[in-house]
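Its first residue numbered 1, the sequence shown is counted upward by one per residue in this note's numbering.
Errors might be hidden in some of the hints.
[Claimed, not checked] Taking CB as the label site, the calculated pair distances span:
| # | residue 1 | residue 2 | range |
| --- | --- | --- | --- |
| 1 | Trp61 | Arg116 | 40 to 46 Å |
| 2 | Leu294 | Thr59 | 21 to 27 Å |
| 3 | Asp55 | Leu206 | 29 to 35 Å |
| 4 | Gly121 | Val220 | 19 to 25 Å |
| 5 | Met265 | Leu294 | 48 to 54 Å |
| 6 | Phe126 | Leu290 | 19 to 25 Å |
| 7 | Ile112 | Asp57 | 47 to 53 Å |
| 8 | Val185 | Ser127 | 17 to 23 Å |
| 9 | Leu327 | Thr59 | 34 to 40 Å |
| 10 | Gly158 | Val220 | 17 to 23 Å |
| 11 | Asp57 | Trp135 | 32 to 38 Å |
| 12 | Asp178 | Trp234 | 17 to 23 Å |
| 13 | Val220 | Ile93 | 22 to 28 Å |
| 14 | Leu180 | Leu87 | 24 to 30 Å |
Everything labelled a hint here was simulated from the structure, so no lab data went into it.
Note that beta-carbon positions come from the ideal geometry of N, C-alpha and C, so glycine has one too.
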Amino acid sequence: MQHPEALEHPASKAALTNATSSKGDRIAWLDIARGSSILLVVLFHASIAAQLVTDIDSTYWLVNDVFAYIRMPLFFAISGMLSARVLSRDWPILLEKRVILLGYLYVLWATIGFLRSLALGADKAFSSWVALVAWPNAVLWFIWALAIYFVVAKLCQGRFQNAALVLSFGLSILVTIDALPVRSVEHAKALNYAFYFLFGAYSGPLILGVAKHWGATLIVASAAYVALFLALRWGYAPQRVTAVMSLIGLAAGLAGSISLSYIPMVKSVLAFFGRNTLTIYVAHTQLLGLFVPLGADADSLPGFAIWGAIAMGAAAIGLSLLLRPLLETIGARWFYALPGRFVDWWRTRTQPRMLAYSASDARDNPSTGRSR
């Protein structure tokens with residue numbers, strides 16, 4: 001998801017020079033982290049899609065399992081870090097640029113997915129489409145949750161943010177150890193990952209400070225993560241250790257992203273994907289859903305069990321990246337952004353109130369001359 005306001009964090013002055021983009025206005029490893037996360041997400045979804053065609057090589061599931069406690073904690077923590085500036089803005093701006101936008105995109109692309117399923121012969125009632133608002137789509141839940149996270153982060157920002165971090169971390173642990181009854185996997189995920197978004201939003205300077213010691217962090221966190229993963233896989237550790245694995249995985253993912261920023265070609269490729277996560281995320285599952293029936297006979301192709309998931313994932317990413325400029329060329333920017341008429345309507349009704357608030361605040365606080 002592109003964040004125009006995701007300029008260099010104030011605390012990043014002390015961050016590694018090589019982790020800053022050539023323009024000096026973005027921290028490159030943040031985009032690398034998001035790029036790595038979206039590729040892992042696509043690989044996971046592509047593995048599921050390919051499995052519907054034929055039994056794929058078990059290596060795919062091993063790779064997916066290895067990164068299971070890294071990809072989403074990393075994704076949400078980086079999203080939180082990049083939200084710091086917009087969270088400091090007034091509510092109308094936050095609502096327009098994040099909450100309403102994400103809610104709109106969720107409903108739009110969930111509807112596209114619903115219509116795709118009907119076109120492919122699925123037997124779904126209209127009520128199942130209506131239920132998508134409360135019961136998030138299995139693959140678009142990330143956008144649904146992110147809209148909620150922005151509201152929570154804004155409400156708790158300041159005096160309540162430490163309490164929000166403690167509460168969300170407690171909920172994450174309870175969900176991870178199955179101690180909290182949750183009716184759907186998607187709701188469980190939303191509760192589980194709220195902490196990582198809030199941690200990124202409120203603790204950006206802390207993360208960037210730790211980033212200065214990325215070498216030691218990478219070694220220690222990776223070793224601890226691998227040890228816990230093997231212990232869990234071989235039955236020597238209980239399932240509840242996964243709560244700790246997500247924290248360690250986040251540290252390893254952040255440090256690993258910084259290390260990748262020192263490899264020019266890898267840095268450029270992953271950063272590109274990181275700047276286009278929204279474009280990839282909303283469309284790739286729709287395309288994978290089309291690939292499954294189209295590839296019904298693909299299991300007869302030599303080696304499909306080995307290369308099938310990679311091919312489907314790569315095709316989904318490539319077509320997703322081509323689809324957006326194509327739609328925007330024909331004037332259909334509303335597939336990825338709020339319709340212009342709505343934006344105009346929203347701003348004409350919110351800006352006068354914001355200006356009035358600013359004027360009132362300036363009178364009350366003449367030393368600042370600006371809104372709080």
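Hints, one by one, checked against the model:
1. Trp61 <-> Arg116: 40 to 46 Å: violated (26 Å)
2. Leu294 <-> Thr59: 21 to 27 Å: Holds, at about 24 Å.
3. Asp55 <-> Leu206: 29 to 35 Å: violated (45 Å)
4. Gly121 <-> Val220: 19 to 25 Å: Given range 19 to 25 Å: violated, Cβ gap about 52 Å.
5. Met265 <-> Leu294: 48 to 54 Å: Once the Cβ atoms are compared, 32 Å apart, the range 48 to 54 Å for Leu294 and Met265 is violated.
6. Phe126 <-> Leu290: 19 to 25 Å: Given about 22 Å between the Cβ atoms, the range holds.
7. Ile112 <-> Asp57: 47 to 53 Å: Since Ile112 and Asp57 have Cβ atoms about 31 Å apart, the given range 47 to 53 Å is violated.
8. Val185 <-> Ser127: 17 to 23 Å: Taking Cβ atoms as reference, Val185 and Ser127 lie about 20 Å apart, which means the hint holds.
9. Leu327 <-> Thr59: 34 to 40 Å: Once the Cβ atoms are compared, 36 Å apart, the range 34 to 40 Å for Thr59 and Leu327 holds.
10. Gly158 <-> Val220: 17 to 23 Å: violated (33 Å)
11. Asp57 <-> Trp135: 32 to 38 Å: 33 Å Cβ-Cβ, so the 32 to 38 Å window holds.
12. Asp178 <-> Trp234: 17 to 23 Å: holds (21 Å)
13. Val220 <-> Ile93: 22 to 28 Å: violated (40 Å)
14. Leu180 <-> Leu87: 24 to 30 Å: Taking Cβ atoms as reference, Leu180 and Leu87 lie about 27 Å apart, which means the hint holds.
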